[in-house]
Amino acid sequence: MIRSVLIFLLFILTSTGGEIAITYGMKETGEPQRLRPRQLLIFLGRAVRNSWFWVGIPQLALSFYLLLLLLSWEPISLVIPASALNPYVFGTLAAKYILGEQISPRRWAGVTLVCAGVALVALS
Amino acid sequence: MGHELRVRIKTLVMILVMVLCANVGDLMLKRGMSQIGAVQLSRAGLELAFRLTVTNGTIWIGILFLIGFTVSYMTVMSWADYSYVMPAGAFGYALLTLLAVIFLHESVSPRRWIGVVLICIGVLLVSQTKPRTTEAAQQVAA
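The listed protein sequences derive, respectively, from chains A and B. Under the working numbering, the letters of the first sequence match residues 49 to 172, in that order. Under the working numbering, the letters of the second sequence match residues 28 to 169, in that order.
Any given hint could turn out to be false.
Derived CB-CB ranges, DEER-like [unchecked claim]:
(1) B:PRO137 - A:TYR113: 15 to 25 Å
(2) B:HIS30 - A:VAL103: 23 to 33 Å
(3) A:LEU147 - B:ARG70: 24 to 34 Å
(4) A:GLN150 - B:ILE36: 19 to 29 Å
What the hints contain is simulated information worked out from the structure, not anything from laboratory work. Yeah, the Cβ is synthetic: ideal placement off N, Cα and C, and Gly gets one too.
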């Protein structure tokens, strides 16, 4: 039980950390001027040379294996809803406190409804 | 068209592409793997599974769609908030449910329908907020 909780905490840390790092890296990269194939390729070329991108990728890979590990220990009906909620609960908090995004009351309300909905869908 | 409206539409279209690519990609991988059959966890079994996987067209279509997902995810994150994209992308769950009902004629529990309705209202609320609340970094010339 304690083993699963620790691995789950590590899963939250790596999956949220990975996505936040990649988001930060993409903001540093700057958006493509136009959404055309050539501009997208140039954008991708710049993105993969950003160091935050490479901080994020190994974390996401690790979180994927941690999820597989959890699935082999705990019932899927517990692991899947818990992991599905992760980006909305911890991701939103990390976006606010690490990336400095402003979460208006309307956005909080929307995120809360999405959380409840995803939990219901993932549990059924 | 105002600048903010343009950003909002661009963001929502990109999220739609992202969600479609992720769902179609997963579906293709699942279909491809079921064509291959259960993988035996022995050296020979894994070698066979590897050979069958890399020569399976459906798997490659799935991989292409997942690459499409990754590119659209990275692109939309270059201008939009994480806390905007993630909840807005949750309509993928609603989309999957509708597709399962329409094409696979699956029956959906009342609990799941309630979940889908909550997600749709939540996505509607989030999509009304500003897609970007952090300062824009200076645009690098392409």
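Hints versus structure:
1. B:PRO137 - A:TYR113: 15 to 25 Å: violated (36 Å)
2. B:HIS30 - A:VAL103: 23 to 33 Å: holds (32 Å)
3. A:LEU147 - B:ARG70: 24 to 34 Å: violated (45 Å)
4. A:GLN150 - B:ILE36: 19 to 29 Å: For B:ILE36 against A:GLN150, whose Cβ atoms are near 21 Å apart, the range 19 to 29 Å holds.
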